[in-house]
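Assemble the complex: chain A is given as a structure, and chain B must be docked to it using the hints.
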Amino acid sequence: EAIQTLATPAVRRLCHEHSLNVASISGTGKDGRVTKEDVLRHAGLTVD
Amino acid sequence: MLRNLVSRNVTPAARAWQPSTLPRLATSSRGLATAADPYDVVVVGGGPGGYVAAIKAAQLGLKTACVEKRGSLGGTCLNVGCIPSKALLHNSELYHAAKHDFKNRGIDVKDVNLDLTRFMKFKDTSVTQLTKGVEGLLKKNKVDYVKGTASFSSPTSLNVQLLEGGETSLEAKNIVLATGSEVTPFPGIEIDEEQIVSSTGAIALKKVPEKMIVIGGGVIGLEMGSVWSRLGAEVTVVEFLTAIGGAGMDGEVATSFKKILEKQGMKFKLGTKVIDAEKKDGKVFLNVEDAKSGKKEQIDADCVLVAIGRRPYTKGLNLEAVGIEVDQRGRIVVDDAYNTTCKGVKCIGDATFGPMLAHKAEEEGIAVVEMIKSGHGHVNYEAIPAVVYTHPEVAWVGPSEEDLKKQGVEYRVGKFPLMANSRAKTNQDSEGFVKVLVEKNTDTLLATHIIATGAGELVASSVLAIDYKASAEDYARVCAAHPTMMESVKEAMMAGSNAMGGKAIHF
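Chains as they are written, first to last, in my numbering: chain A, 17 to 64; chain B, 6 to 512.
Because the hints were derived from the structure by calculation, they are not lab data.
The structure presented is a predicted model; accordingly, all values stated were derived computationally and were not measured.
One thing to keep in mind: the hints can contain errors.
[What the hints assert, rightly or not] Across the chosen pairs, the derived CB separations fall in these ranges:
#1 A:Glu33 x B:Gly256: 34 to 42 Å
#2 A:Ala59 x B:Gly507: 19 to 27 Å
#3 A:Lys46 x B:Thr260: 28 to 36 Å
#4 B:Arg123 x A:Lys46: 44 to 52 Å
Glycine included, C-beta positions come from ideal geometry on N, C-alpha and C.
So that you can see chain A by itself, here it is in the shape it has in the complex (with noise of 0.2 Å):
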């Protein structure tokens, strides 16, 4: 259930603008959450 995915105003907002699911990224942050980070790199948005 996406609900219960650990996220942030931002990173959701982020996966709104990419038409992605939360729940569907591994989160990285605190206690599993998905960082705005991690949207970035699931998205291949971010360089390394």
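Just chain B now, with coordinates in the frame of chain A:
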């Protein structure tokens, strides 16, 4: 060693608080041979690290004792540090405002006078209430409070010289050292706590000095300098480094902060080395030298505050006897689980590594007993705020720009001046700014640096944000009440976040 221990089981167990059951060696005691049950945890030191560790340990169901030699709990922070200095800072600010600022605000007061005796009494009352409060908390949580000086007799036992006379021995499965710090003395300058004072003397001066010199432009020096400057002293801060604020303060913040304090009347001699001091005709003459040019100068004052730093305090613990290693700065060496080099003995707070801050010690106090109880505990050293309680306050969390440059981190700066903040303007208290440092690529909030009235409170939300690994956009998208100072932090986040267009609304 002679151990005349009275068994803890002598008194009925029904009584929650049993100070009399503490094993003790009284000269008249007939001495039973029964050994006391060992404690699960004995905490040495009743400061912010120690008393918090003791309370938390008891809450986790561990049989706990806390040994403190001062005669009152709360340690440096409550007795001669945070609490008394903040009481003086607050009231000196009110006095200064009544004398110099009320008129501008349409409030006419006649004859604003300082009653230093009552001024100091107010501070003492705050201290007593809080230290007694901690004693009540230990009692409530059933921590045995042992008043005395501890030293190791073995890795699992401490000998305690009791304040009321006699001695006792405490057996413990785990010992947590939280012995704190003491004032670093200045070589060649003897502190008499009257004319030449440490922070301890500076919170208890008997009259306002006409001229005061503060050696050291760190947090303690600036705070105490502010207090006495507001009360009428002509204050000069002598600092060896070329910037004020001490370790961790962002360079831009330090520069701006210095200007603000200068406007308030404080003088600064930066890049200046203090050589020595001589007392003559009721004054102190300080010989100083420009660190660069070597130009010598003598400056005089009625009172000199030595505030060049603090150093770990481990005297009398007999660390050598149990093989506890200390580094060249006197800090007890610990691993990432606060273990010292002696098994079963841990150390937290000022006595070991890290910034000497009360809340840092408190976090470690909790983490260390959680480790004892369950094997894991955690302090996020990336998210520990630092606050200077001057007016305006300076507060920050996270690295300075200088730190980030050194680490080669790519970052964006978001800044918002209080001049553009509605509440600050309304209160006519708009000196300062909020500056946020944001990782360029991921928008992650790295640091927040604030100069503002109430900066110590304002920084708290950034500490939370950093602990949550929030982005600047996250913060910028959270609603701040209007009109509040907090809006300035939100707007700095807007300015720092690429996703928000890197622009604040009101600036």
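Against the structure, the hints:
1. At roughly 37 Å, the beta-carbon separation of Glu33 (chain A) and Gly256 (chain B) lies within the given 34 to 42 Å, and the hint holds.
2. With their beta carbons about 21 Å apart, Ala59 (chain A) and Gly507 (chain B) fall inside the hinted range of 19 to 27 Å.
3. The hinted window of 28 to 36 Å between Lys46 (chain A) and Thr260 (chain B) holds, with their beta carbons roughly 35 Å apart.
4. Between Arg123 (chain B) and Lys46 (chain A) the Cβ separation comes to about 48 Å, which falls inside the hinted range of 44 to 52 Å.
Violated hints: none; the structure is consistent with every hint.
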